[in-house]
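**Q** Residue numbers (the numbering used here), protein chains in the order written: chain A, 1 to 308; chain B, 1 to 260; chain C, 1 to 266.
I should point out that these hints are in silico values taken from the structure, not numbers from a laboratory.
Built from N, CA and C at the ideal position, the CB exists for glycine as well.
It is possible that some hints are incorrect.
[Said to hold, decoys possible] One-sided and incomplete, this derived list gives chain A residues near chain C with beta-carbon spacing under 10 Å: (1) T8; (2) S62; (3) T63; (4) T69; (5) R84; (6) A92; (7) F147.
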Amino acid sequence: MIRVESLTKVFRRPRTFPGPLGALRTLVTRRYDERVAVDDVSFEIPEGEVVGYLGPNGAGKSTTVKMLTGILTPTSGLVEVGGRVPWRDRSANARSVGVVFGQRSQLWWDLPLIESLRLVGALYDVPAAHFTGSLRRMCDLLGLDDFLDTPVRQLSLGQRMRGDLAAAMLYDPPILYLDEPTVGLDVLAKQAVREFIVDTNRAGRTTVVLTTHDLADVEALCRRIILIDKGRVLYDGGIDALVTAYAPPRRLVVHLADDETRTFDIAGGASVPELIGRVAAENTIRDLSIEEPDLESVIKQIYAESTR
Amino acid sequence: MIRPLAGMARVGLRFQLAYRSDVIMTVLALIAQVFLLRMVWTSVYGGAGQARGLTLEALLAYLSLANLQAFATTPIIPLIAHFRIRTGMVFFDLSRPTGYLPQMAAFQAGHTLGGLLMLAPAVPVVLLVGTITPTAQPLGYAATLTLGYVISVMMSLLICVIGFWTLETGAISLLYRLISQFFAGTMVPLSFFPGALGVLAEALPFKYMGYVPAAIYVGHLSGGQVVQAMIVEVSWIAGLAVLLWAVWRRAHRRVVINGG
Amino acid sequence: MAEIARALRLYWVLQRATMRGALQYRLNTVISVVTGAVYQGSGFAFVWVVMHTFPSMGGWSLREIAFLYGLRLTAHALCMLPLSSLIGLEWLVREGELDRVLLRPLNPLVQVMTKRMGMGQVGDLLTGVVLLIVAAPPWNLAMIGFCVPAVVGGALVEASFHLSLSSLSLRMLDTRALRGFLDDVFSKFGSYPMSVFGGVTQWVLTFVLPVAFVAYMPASVLLDKTGSLNVPALVAYGSPLLGVALFALAYRVWERQLRHYQSSGT
Ligand SMILES: Nc1ncnc2c1ncn2[C@@H]1O[C@H](COP(=O)(O)OP(=O)(O)OP(=O)(O)O)[C@@H](O)[C@H]1O
Ligand SMILES: [Mg+2]
């Protein structure tokens, strides 16, 4: 469904100069500031898969999504989405993708939510009968009925995000790009968003590319993740495989009597009771626990290694 | 008492200088405006030596001056106040020990100073386009202009205070700017205003920001007229001060009620 | 063809939605319209006051200048009513709104045009149409047949400058101040008979910055004053075509800049 080969994006802008005539100099300068945001990225995503696209701040996630949607033209490399090159065929590509940017809404700020949805329907040429059915389904899935007639500027963040999801899926696109869809939401709202994603994926075989900093989202939704940093792919594969491959040691956390906390790595094959015995012999233990490796600790470790 | 006000004036100055790349274009627009006026008036005068007691040379000098004055003294504080009331930042202003109105006035003074600095490179061009020669009444010019500036600031303060009721001074201050510039005579000296319009323009205080000082500079007004103008200006200032004080007291009470 | 019809229909749907949004702020709407009308009115009041003393300006009477003024103002409003959103294009780029525009299956310019509703321009239009009607010479069919394309052509001349300069902000060059200045020059110098300026200025305003083509030349045709033009009468009759040509060029510039769009960092 999505094919990316050696994708690279270099942002290049004329150097800006300070001072009253700076604007003029900026206009004629031949000096550029360059920044490689995406660097030789390749991957393929088959139809119906939900993929987590992860990486620390500034890794190049949003830039990749913008190239997948045709907003940005790649500096080099190849993108094919459903057999089309998005930036060359932007309008046709637009009809087959839904996009949610968690940071900003596509809804009309001053109008009731229902009107925004109607406008989106008109923009994507959704036939009236089909629109009614789609709207009904969205309302049921996302519980929009309570605030359909409220102006968008009066919606809470969670309500607005549900409206945005509805707007992105109203015309049944086979591909859904979600860039931080749960940012700033409370637990319940996050849950609603996740359920919606699972539902659309299951019901319509929608392919989903999800960008997020919340690893709980990833654990709930994706079986595969692509991990990037500084524009380069660090890992591409299943979550389970990742955790086993990196398998950071389990750790013994000990709370001592004098309110001190110490942690011990449990080396592979080592006996835990023996370790506890050794620690207990030298200290007075008040409490203890064992930390299993989880996705977060794995990712933390990978980020840390990649900056080194 | 003085130090915070000086601080506010510095903020006003910096505010003006921060937009200097825009200001280059605004100064160009000013030069274009003076150039346009010169063309239009030269054309309509044709061969006529004088009209309404003004020679073409005096008129052109008058127009250049009036436009420079209007540019440098454009009130900014209604826009600032609008922004600060909208965002609630006005409560910081109100909580300072140096009253709200002196702070705003200081801001405007700093802004005007910035305007004068920025204007400096444009002055020779405008003077050249407008052919201005030294005046015979420098004192009268300076005095009426200064008093006129005080009137202008007080009127702007009035608009700022009205903002506490309407919560919206952006469009009002734009309207004010248009009307005040027209009646200040920046495009036509008041002596050309016909009938009722002329009576109205003479009665309104806007003429002290443009017409009166500029006309004194070119000698169109002189002697007793200068003294008379200054007396009326001082009376306006006194009247506006009373009005401002009365309106401010009501506005302040309103703010306190809103806050509580 | 079907694509153009669809774009026009969607333009109307989206613009109406924006208008409904803007009309919720009623006081603001009224003040904006009034300010627009007063701004243009005060410009004409200047002409009126001057011509109270001097009955002729560059060989034109007050009534003739009022007609010229109305023609220019109507063209200006016709240009800026749909394009007022371009004033905020820098902001749309910075806030990432343009990303969304590019994600939808409709011409990006059409979408950008509907982002705002220019209420001040409604005031311009009112003043312009009133002047045009009050000061017009007795109409006949041929005049109407020329007047309509003339107003559209004038609007397109102005629009092409706005569009081509605005499109530079797709590459993060802020041209707002420059556009403001040009707008000022078009409004101020376009509303007078060029014979007032004469010589070099008239030449510049005809051939370098084609202000004369917006209203002066069409008005000369409609008022039967082509004899005093600095170009052959035929050029004046063809003046509406310039707008079409310039706008086609400006649209090319816009598309080109759009291809180089870099989005914003957020
Ligand atoms: N329009 C732009 N112009 C210049 N540089 C840009 C632009 N957009 C992004 N960048 C730079 O490219 C890099 C990647 O940015 P991107 O927005 O893709 O990161 P991200 O992975 O989405 O980060 P975050 O998690 O913070 O959203 C950053 O260093 C950023 O500063
Ligand atoms: Mg991002």
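**Q** Mind checking the CB of S62 (chain A) against every CB in chain C and telling me if the closest is under 10 Å?
**A** This interface hint holds because 8 Å falls under the 10 Å limit.
**Q** Let me know if the C-beta of A92 (chain A) comes in closer than 10 Å to any C-beta of chain C, holds or violated.
**A** 7 Å, holds
**Q** Can the hint on T69 (chain A) be confirmed by a CB-to-CB distance to chain C that is less than 10 Å?
**A** 6 Å, holds
**Q** Taking the least C-beta to C-beta distance, is R84 (chain A) closer than 10 Å to chain C?
**A** Check failed: Cβ of R84 (chain A) comes no nearer than 13 Å to chain C, outside 10 Å.
**Q** Under 10 Å is the threshold here; is the Cβ of F147 (chain A) close enough to any Cβ of chain C for the hint to stand?
**A** Constraint on F147 (chain A) not satisfied, violated at 17 Å.
**Q** Per the CB criterion, is T63 (chain A) less than 10 Å away from chain C?
**A** T63 (chain A) check passes; min Cβ-Cβ to chain C is 8 Å, inside 10 Å.
**Q** Once the shortest beta carbon distance from T8 (chain A) to chain C is found, is it less than 10 Å?
**A** Check failed: Cβ of T8 (chain A) comes no nearer than 15 Å to chain C, outside 10 Å.
The structure shown violates the earlier hints numbered 1, 5 and 7.
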